[in-house]
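A.B. asks: Residues per chain are reported as follows:
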Amino acid sequence: MEISEAKSQFPIFSKKINGKQLVYLDSSNSAQKPLSVIKSLDNFYKNEFSNIGRSIHTLSVNATNKFEETRMSVKKFINASSKDEIIFTKNATESINLVAATFGQQHIKKGDEILITELEHHSNYIPWHYLRVNKGAIIKFAPINDDGDILIDKFKELITPKTKIIALTHLSNVTGTIVPIKEIVEIAKKKNIPVLVDGCQSAPHIKIDVKDLDCDFYAISCHKVYGPTGVGVLYAKKKWLETLPPYLGGGGMISEVKKDKVTYAPLPEKYEAGTMPTAEVVAFNESIKFMQSIGIENIIKHENELTNYALEKMKKINSVNIIGNPKNKAGVISFTIKGIHPHDISTIVDEEGVAIRAGHHCCQILHERLNLPATARASIGIYNTKEDIDILCKAIENCRKVFELK
Amino acid sequence: MDLKELYQDIILEHGKSPRNFGKCEKYTHEAKGHNPLCGDKVQIFLNLNKDKEVENLTFEGSGCAISMASTSIMTELVKGKSLKVAKKIVFDFLDMIKNTQQIKSEELDEDQKIKIMSLSGVKQYPMRVKCATLAWHTLSSAMLKKKEEVNTETIDS
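Taken in sequence, the protein lines are chains W and Y. Numbering-wise, my numbering puts 42 at position 39 of the first sequence, and it's gapless, one number per residue. Numbering-wise, my numbering puts 429 at position 43 of the second sequence, and it's gapless, one number per residue.
Derived by calculation from the structure, the hints in this document are not laboratory data. All values reported here derive from a predicted model rather than from experimental measurement. Do not rely on the hints blindly, as some may be mistaken.
Quick look at which bits of chain Y chain W covers, simulated, 3 or more residues with Cβ under 8 angstroms [stated by the list, open to error]:
| no. | region |
| --- | --- |
| 1 | 389–396 |
| 2 | 470–481 |
| 3 | 490–504 |
| 4 | 511–519 |
Cβ atoms here follow ideal geometry from the backbone N, Cα and C, with glycine treated the same way.
In isolation and in its complexed conformation, chain W is listed as follows (with noise of 0.2 angstroms):
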């Protein structure tokens, strides 16, 4: 499919928004669905819906096959070494909370260090903090410049004998920032800690090779990949699956069950307690179809240039403040206006029909280190075109207008 033709299957944009077109600048928060991922959920609660797994009768079977058939199409999309290594969890809130919960009762002691950096969302701190609290784990945060990249050689000195696990983004939600994960775990493999990335922005728009990284975890929500809410996937290392105790515990992951004995599940299902999500693992597999369609070089391509096309524009607007300007920049756009506060610039570019965010992000170290109460974000996805920027650039206008700036 030409990447032209990509805003026609998503039914949303056919939508008016306060007697507007739809210009959706907020998928950096959550991505609209195409067509066949709504159709895939309908289909399989009107024609094929069953539980997975222990059944014998064939809808169970048939849902079961849809079900793997996912792992599969996820570990062929993040380039795996086996499907054993895809675990499908809520959401990357959950599949970091996996990691730290499993990796912290079994590695991390008192006084240990876990070392993550200004750029993380609250989902890869918070579950961390658990450990600093339960365990009196120590926290370390890698600082950043004001373009928004990590100063590697800050972050070398905060590696020590003490650093148990290292976790960070894979590309910032705020700064747009696309973080080099390569080489921070090429540092990291020579003390021999383990890299947990967050994958959450990074995977609807850069390529994702888990083995060409190399990292030992990748966290993903599945909703921000065109695909429903309510999934996620954990890609780990099978070292560590095989290894790490199990997390939530229930039906599923286990293998055998004793009064006085459990014994739990080979993998993946180990790690998939309880009923999964399973018309929404099912349409997921849509979700990548359509990005293979497309081709993720098409993607990021005329992601790019849409990128470029609207820092150039927005730069030009009086008053206007980008927030960052990191050396490898996606189409994550956080931007001030000197006079109006991001929530009222939101609320007025919501009148044009322009869906922004507004807001710290859930990045409140981001936003104390770049002394900023708050900033307004327009995120880019596959669906936008010039024209939307050219829209969001008259809403912001707009605003000024409504501000009577001069």
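Could you slot chain Y onto chain W? The hints should help.
C.D. replies: This is chain Y only, laid out in the frame that chain W set:
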């Protein structure tokens, strides 16, 4: 919905140049308020004299035009009132934002009523109601000498 109903001139003017901004030298009551969704913060300082009148009322903080204007207008209108009347005005304001277009307070003159009612447009924007009410809840907390910070996520509107 016309944006000008939300961003009336009086709101923009108070938002740009808030009255009674800064910590006053002498105060008997104070309280902090926080809207964790957007990061708006406000701190209220209230000085009550021996006749139980609000002798001074000032604030510090940062936020959007709606929250700054609402706080500024609040300090103007409540200053000089008795504690009892001040509580009544807060109650009536919150009632106006939630339920009506008009402010009921008989203690306010016509000009003051027009000023306070400029904020009622916020009703059309459910996500913005908390911007307008944060300072008023915080003032209420100060008057009641409550210790904990006001958090818009744990109060009703």
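A.B. asks: Indicate, hint by hint, whether the structure satisfies it.
C.D. replies: A quick look at each hint next to the structure:
A count of 4 residues in the region 389–396 of chain Y with a Cβ less than 8 angstroms from any Cβ of chain W is obtained; the coverage claim is therefore met, three being the minimum. With a cut-off of 8 angstroms between beta carbons, the region 470–481 of chain Y has 0 residues touching chain W; three or more are needed, and the interface restraint is violated. Residues of the region 490–504 of chain Y with a Cβ under 8 angstroms from some Cβ of chain W number 0, which does not satisfy the need for three, so the listed coverage is violated. With a cut-off of 8 angstroms between beta carbons, the region 511–519 of chain Y has 4 residues touching chain W; three or more are needed, and the interface restraint holds.
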